[in-house]
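Protein chains: 4
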Amino acid sequence: MVLLEFSMFPLDKGESLSPYVARSLAIVDASGLDYRFHAMGTILEGPLDQCLGVVEKCFEAMAADCGRIECSVKIDYRKGRQGRLDSKIASVEDKVGRPLKK
Amino acid sequence: MVLLEFSMFPLDKGESLSPYVARSLAIVDASGLDYRFHAMGTILEGPLDQCLGVVEKCFEAMAADCGRIECSVKIDYRKGRQGRLDSKIASVEDKVGRPLKK
Amino acid sequence: MVLLEFSMFPLDKGESLSPYVARSLAIVDASGLDYRFHAMGTILEGPLDQCLGVVEKCFEAMAADCGRIECSVKIDYRKGRQGRLDSKIASVEDKVGRPLKK
Amino acid sequence: MVLLEFSMFPLDKGESLSPYVARSLAIVDASGLDYRFHAMGTILEGPLDQCLGVVEKCFEAMAADCGRIECSVKIDYRKGRQGRLDSKIASVEDKVGRPLKK
Chain A
6 MVLLEFSMFP LDKGESLSPY VARSLAIVDA SGLDYRFHAM GTILEGPLDQ CLGVVEKCFE
66 AMAADCGRIE CSVKIDYRKG RQGRLDSKIA SVEDKVGRPL KK
Chain B
6 MVLLEFSMFP LDKGESLSPY VARSLAIVDA SGLDYRFHAM GTILEGPLDQ CLGVVEKCFE
66 AMAADCGRIE CSVKIDYRKG RQGRLDSKIA SVEDKVGRPL KK
Chain C
6 MVLLEFSMFP LDKGESLSPY VARSLAIVDA SGLDYRFHAM GTILEGPLDQ CLGVVEKCFE
66 AMAADCGRIE CSVKIDYRKG RQGRLDSKIA SVEDKVGRPL KK
Chain D
6 MVLLEFSMFP LDKGESLSPY VARSLAIVDA SGLDYRFHAM GTILEGPLDQ CLGVVEKCFE
66 AMAADCGRIE CSVKIDYRKG RQGRLDSKIA SVEDKVGRPL KK
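Protein chains in written order, with my numbering: chain A, 6 to 107; chain B, 6 to 107; chain C, 6 to 107; chain D, 6 to 107.
Just so you know, these hints were derived from the structure itself, not from any lab. Errors might be hidden in some of the hints.
Identical copies look the same in the list; a pair holds intra-copy or inter-copy alike.
16 Å max Cα-Cα, derived EDC-like pairs, lysine to aspartate or glutamate [what the hints assert, rightly or not]:
1) K62 <-> D34
2) K84 <-> D70
3) K62 <-> E75
4) K107 <-> D91
5) K107 <-> D70
As the structure is a prediction and not an experimental result, all values here were calculated from the model.
Hey, can you work out the whole structure from these sequences and the hints?
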């Protein structure tokens, strides 16, 4: 299991990107993988190949009508762990000693 | 105003990183900037120089006892906008037509 | 065709990472895809699925003996273009009006 | 000393970005810091505050006429080392046992 954070957007559609991001999030939400959406991207949790499969599906949907696309991905793998979408946050809050803004 | 997402961790302290991330989050939480903490990083909102100043403070605190440090930063600037930690999410949810997991 | 830049390293092996990076580069070099290696990562050029396939192979080779792995990926797609490992650099040098350090 | 890799581009100027990238590279080239330019970004070597200062200058030059800007930054700090723009590559090539494409 990995955490895979990604963001993806077209460069040839002007500065308002939410319609294109929404297209990706509909794919993420239907993927069956657990995820969290935040202001700078989306975090998936699952096997690496399934997470990359979601990124590819989002890319194909965007490439259907976009001439240039940028995508950044960050992967964090820790052997034998899952449920890390929540546990990583809890572990840091525990050490800081108070709730953080989420 | 920008959104600046960052993550920072030492490479020479083994695989359990939350004590080091907690050190950064204490600095973020005390900075006065609005922020959101998630499983793969922290998003700050503010003027670029103030956001970079927080990243530098976190780096200095980590470099005090760490021999190798990795940090990734992503910046999203949109002229004349603020409150985007929440509004970007709302705008995408509005287009998807249902609430997303956050 | 996309350009896909990636870097990947273990977090549980101390601060000297070149033996692990070398393992990935041997996979990259044998992949048949065109690539460039630089001080902060490797850039592949090819179809998205083939480029992601190389990243997955590198990940599997690293996960064989590493307990925590970080990987960052950046993708740049431009419809109908190839040979961009060189042409993007030439295009910027042309606008700057002099050779840049490469 | 750190290695700081960054890329920066406007989202509201269409898909041809080299004129904007060239503006940043002119700033980088005049900064006095050692650097390498590649197809997906630029790597600076220097003290963290000076490297971030170059990123800020590039941002200000771009924000002068761009309404939305994306920037990604990756920092690699290793205590007591310099000359790593070249030595990191040499160290990996040495382990692979043959020259890599650069």
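Have a look at K107 and D70 and pick one of within, between, both or neither, based on CA distance no larger than 16 Å. neither (34 Å within a copy, 28 Å between copies)
16 Å Cα threshold - placement of E75 relative to K62: Answer is within; shortest intra-copy Cα gap is 14 Å, inter-copy 23 Å.
Identical-chain pair category, K107 with D91, by Cα at 16 Å: both (11 Å within a copy, 11 Å between copies)
Pop the pair K84 and D70 into one bin, within, between, both or neither, using alpha-carbon distances up to 16 Å. between (38 Å within a copy, 10 Å between copies)
Between the shortest in-copy and the shortest cross-copy C-alpha distance, which are at most 16 Å for K62 and D34: within, between, both, or neither? Intra 12 Å, inter 27 Å, cutoff 16 Å: intra-copy only.
Comparing the model with each earlier hint shows a violation of hint 5 alone; every other hint is respected.
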